[in-house]
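*Asks:* Residue-level listing of the chains:
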Amino acid sequence: MTLMDARPDCVYKIISTGGDGNQKRRLLDMGFTPDCKIYVAHTAPFGGTILVGLRGFMVALREDAASLIKIERAD
Amino acid sequence: MGYTISLTGNPNVGKTSLFNRITHSLEHVGNWHGVTVSEVSKKIMYDHNEINMVDLPGLYSLTVYSPEEGITRDTVLRGDNDLVISVCDVNNLSRNLYLTMQLFELGVPLVLVVNMMDELKKQGKVLNYRKLESGLKVPVIPMSAKYHSDVHLLMDVSLDYVSNYKGNEIKLSYLDKLPIAQVREIIAENLATSRLPEIYACVKLLEKDEFVAERLALTAEQRRKLDLLGDWQSKVAQVRYEFIDEITDGVIVKDVTDEHHEMHEHIVHGVPIEDAEEKTDSLVDKHRRHHDKHKEKNKAYMQSYSRLDKIVLNKYLALPVFLLVMCGIFFFTFGFLGTLLSDLLDLFFMKCVYTPAVNGLTSINAPEWVISLVGEGIIMGVSGVLIFLPQVVLLFFFLALMEDSGYVSRVAFMTDGLFRKIGLSGRSVFTMLMGFGCSATAVLTARGLEDETMRKKTVILTPFMSCTARLPVYTVIASAFFARGKVLVIFGLYVLGAVVSLALSAFFEKSVKKLKSGKLSFIMEVPPYRMPTLERVLQILFNNAKVFLIKVGTLVFALNVVVWLLSNFSLTEGFAPGGDGSILAVISGFIAPIFKPLGFGSWRAVTSLMSGLVAKEVVVSSIESLGGVETLFYGEYASINALAFLVYTLLYVPCVATLSAQLKEVGAKWMLFGLALQLVVAYVFALIVRLIGLAFIVAPGITVSVIIVTIVAVIVTLVIINKVKNRGKCSCGCGGCSAPCNKKKDK
Chain A
1 MTLMDARPDC VYKIISTGGD GNQKRRLLDM GFTPDCKIYV AHTAPFGGTI LVGLRGFMVA
61 LREDAASLIK IERAD
Chain B
1001 MGYTISLTGN PNVGKTSLFN RITHSLEHVG NWHGVTVSEV SKKIMYDHNE INMVDLPGLY
1061 SLTVYSPEEG ITRDTVLRGD NDLVISVCDV NNLSRNLYLT MQLFELGVPL VLVVNMMDEL
1121 KKQGKVLNYR KLESGLKVPV IPMSAKYHSD VHLLMDVSLD YVSNYKGNEI KLSYLDKLPI
1181 AQVREIIAEN LATSRLPEIY ACVKLLEKDE FVAERLALTA EQRRKLDLLG DWQSKVAQVR
1241 YEFIDEITDG VIVKDVTDEH HEMHEHIVHG VPIEDAEEKT DSLVDKHRRH HDKHKEKNKA
1301 YMQSYSRLDK IVLNKYLALP VFLLVMCGIF FFTFGFLGTL LSDLLDLFFM KCVYTPAVNG
1361 LTSINAPEWV ISLVGEGIIM GVSGVLIFLP QVVLLFFFLA LMEDSGYVSR VAFMTDGLFR
1421 KIGLSGRSVF TMLMGFGCSA TAVLTARGLE DETMRKKTVI LTPFMSCTAR LPVYTVIASA
1481 FFARGKVLVI FGLYVLGAVV SLALSAFFEK SVKKLKSGKL SFIMEVPPYR MPTLERVLQI
1541 LFNNAKVFLI KVGTLVFALN VVVWLLSNFS LTEGFAPGGD GSILAVISGF IAPIFKPLGF
1601 GSWRAVTSLM SGLVAKEVVV SSIESLGGVE TLFYGEYASI NALAFLVYTL LYVPCVATLS
1661 AQLKEVGAKW MLFGLALQLV VAYVFALIVR LIGLAFIVAP GITVSVIIVT IVAVIVTLVI
1721 INKVKNRGKC SCGCGGCSAP CNKKKDK
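Going down the list, the sequences are from chains A and B. Going left to right, the first sequence walks through residues 1 to 75 as the working numbering numbers them. Going left to right, the second sequence walks through residues 1001 to 1747 as the working numbering numbers them.
It is possible that part of the hints are untrue.
[Stated by the list, open to error] Selected chain B positions facing chain A (Cβ under 8 Å, derived; list incomplete):
1) Glu-1133
2) Ala-1318
3) Val-1526
[What the hints assert, rightly or not] Below, in silico cross-link-like pairs of lysine to aspartate or glutamate (EDC-like), each with a Cα-Cα straight-line distance of 20 Å or less:
4) Lys-1177(B) - Asp-35(A)
5) Lys-37(A) - Asp-1249(B)
6) Lys-1310(B) - Asp-9(A)
7) Lys-1235(B) - Asp-35(A)
8) Lys-13(A) - Asp-1249(B)
9) Lys-1421(B) - Asp-9(A)
10) Lys-37(A) - Glu-1246(B)
[Claimed, not checked] Okay, the calculated bits of chain B under chain A, using three or more residues with CB under 8 Å as the criterion:
11) 1084-1097
12) 1235-1241
13) 1661-1674
Please keep in mind that the hints were generated in silico from the structure rather than gathered at the bench. Heads up, the beta-carbon is just placed ideally off N, CA and C, and yes, glycines get one too.
Use the sequences and the hints to build the structure in full.
*Replies:* Right under this line is the structure:
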């Protein structure tokens, strides 16, 4: 499943990050690396963007970027 | 000795604050990305050394995504830095160190500042900075602006390090996991000619950094060979983070009172610290602690999502909260407090400056033109703007507060979905909100936008967001003609400006090919809420007041004298007060007829508008020194004409400062396009407003009904168009199939 399918109340682990060169690297630079713990804090009121938490900070992502990040549950 | 020291780091870590404290300057700071948009450097003397301190825009990696980040990369690559101070936010040390690792790969001399230590303390944790030092093999200096950490310590450590620097000692063991040698072999010759540091270049190529590939002038053959090595992008990031995790393991720990006290003593009084000792435990305790740590860790991840966000970002409360905030700012600035202060100032100027001056000059029998120059030209004109000092400062203050607290990031997050549909992104919100303060500065921040088309659009449309310089015009005219409805009128103007810019963006997105943004993504860090310190608050107030006063004291003053001269002297009669035969009347008189349909086709109105090219504040001072608003708008339809004038002032061309900023950001062609656009839009809207206004006066009932019907018709049409377009499209946003979406829908 991808970040788009994540539920707000559990912690997940990133399996891989997809996308083309620039997009992918941007996500990797921001810390979306394999084995990283991540969770969804919020969805934007008008839709289209989600707020996720990882490595101690929060990032807003559009759905198209979020759907590139494959995750699995981590407990 | 002379040194060049640069400050780098992620956005929002406090580089600029630190820079300001080191150099005692007042550069603008904000808690959102995009404020430092260019290299800012200042020379200081420290301990008999001349130091060139350089503040750079924040970035996450040396592979850049916007021109603003490019500036930092280029500066760091330039190699004339004697030292780089890598500033890190202790709250997310790992990600911050990601950039630091790249600086190590680059081989630059660096020291680490771990900032925002006060926030760590609040969470009940401490930093074992010695451990970090031993891992990174460079000096680590914990700091906090709130604690007024001593920048002298930082400077001493830095200078000491630079003068004894013999190369970075850190062993980047993770590089062994990457095929560096193979890359080196492929690009060996290019490396020699390009003078790029070897490790940096090799790793960047594995990351598919196009800038490096071009700098090395890779041939197609070389690129092919590199491709054959496989896709290492993920691996590079992964091994860097693994290395960072190793180094930072155990560096931040739960507060034990002794450690805390020790750290506090060290930071404040320079007391040396013993190395942290490992406590030995029984196996059971160890296991339990590990399990608890695991649970704690999970909870810790969700910690930064504060309770405030639960309200601010709530599906139902978000919009009301936003409206509440904006209206609150408005009514505070333009309503009670702002008006009170303005009126007081006005009284002061009349009673204590104007009247004594005029009386004084009359009593010494000064010639009439001198009295007029000093009285109307200078005092009335300049004070006309000066009395708005409180409102201008208040507005800037609230905007800065929104930025500093981190609220603007939330706004960007919330509006991104909507903005995306009109070809902008949430990030444009920053620039546009800043446009409410000063258009010129706002345009400069567009440099942080990654997409070129979006940047162009944002830059062209930002001036429609009414800047504070237009504020005096609104207030003076609205007070004169709309008395009690004044605040509503002004609010309406601001809303109109925002609506026009958004509508234009939507229009461009749908129809103007060259300005279509298309599909782009949006990744933005949302910083934690931060309350600015009192020091910072005073700094904002003082800084903005200073800038305003300087502008008034120079531009407004000078232009006022010019306007007074040209409007009170005619070529035929010499000094001719009242002005209808003056030089200016003749000049402006040529253009004036164009504005007859708008209701202000007089040379005075035109002059005021033209003077607004220099600085928008001058419009009001021109009006004052030309005789006041009554000479511009009179007769039966005075208030309608005044309203049309207001709308025109809102939408027409910005000041030269903004125009030159636009020129710098998007080039002459687009700047001129923006100019033409604004003139046309301003004219059209002013005309519409006037016609509606006249119709309203003549036949109120019919006018209102027609307006309502039109609005309803427009909305219905848009909804129908939307539904037709989206028929059969996937509604979850993935833009894929037309079949029923089978993505997970439970939320």
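*Asks:* The structure should be examined with respect to each hint, and the outcome stated for every one.
*Replies:* Hint by hint, here is what the structure shows:
no., hint, in the structure
1, Glu-1133, "violated, 21 Å"
2, Ala-1318, "holds, 4 Å"
3, Val-1526, "holds, 4 Å"
4, Lys-1177(B) - Asp-35(A), "holds, 17 Å"
5, Lys-37(A) - Asp-1249(B), "holds, 15 Å"
6, Lys-1310(B) - Asp-9(A), "holds, 13 Å"
7, Lys-1235(B) - Asp-35(A), "holds, 12 Å"
8, Lys-13(A) - Asp-1249(B), "holds, 19 Å"
9, Lys-1421(B) - Asp-9(A), "violated, 29 Å"
10, Lys-37(A) - Glu-1246(B), "holds, 16 Å"
11, 1084-1097, "holds (count 5)"
12, 1235-1241, "holds (count 4)"
13, 1661-1674, "violated (count 0)"
Of the hints listed earlier, those the structure fails to meet are numbers 1, 9, 13, in rising order.
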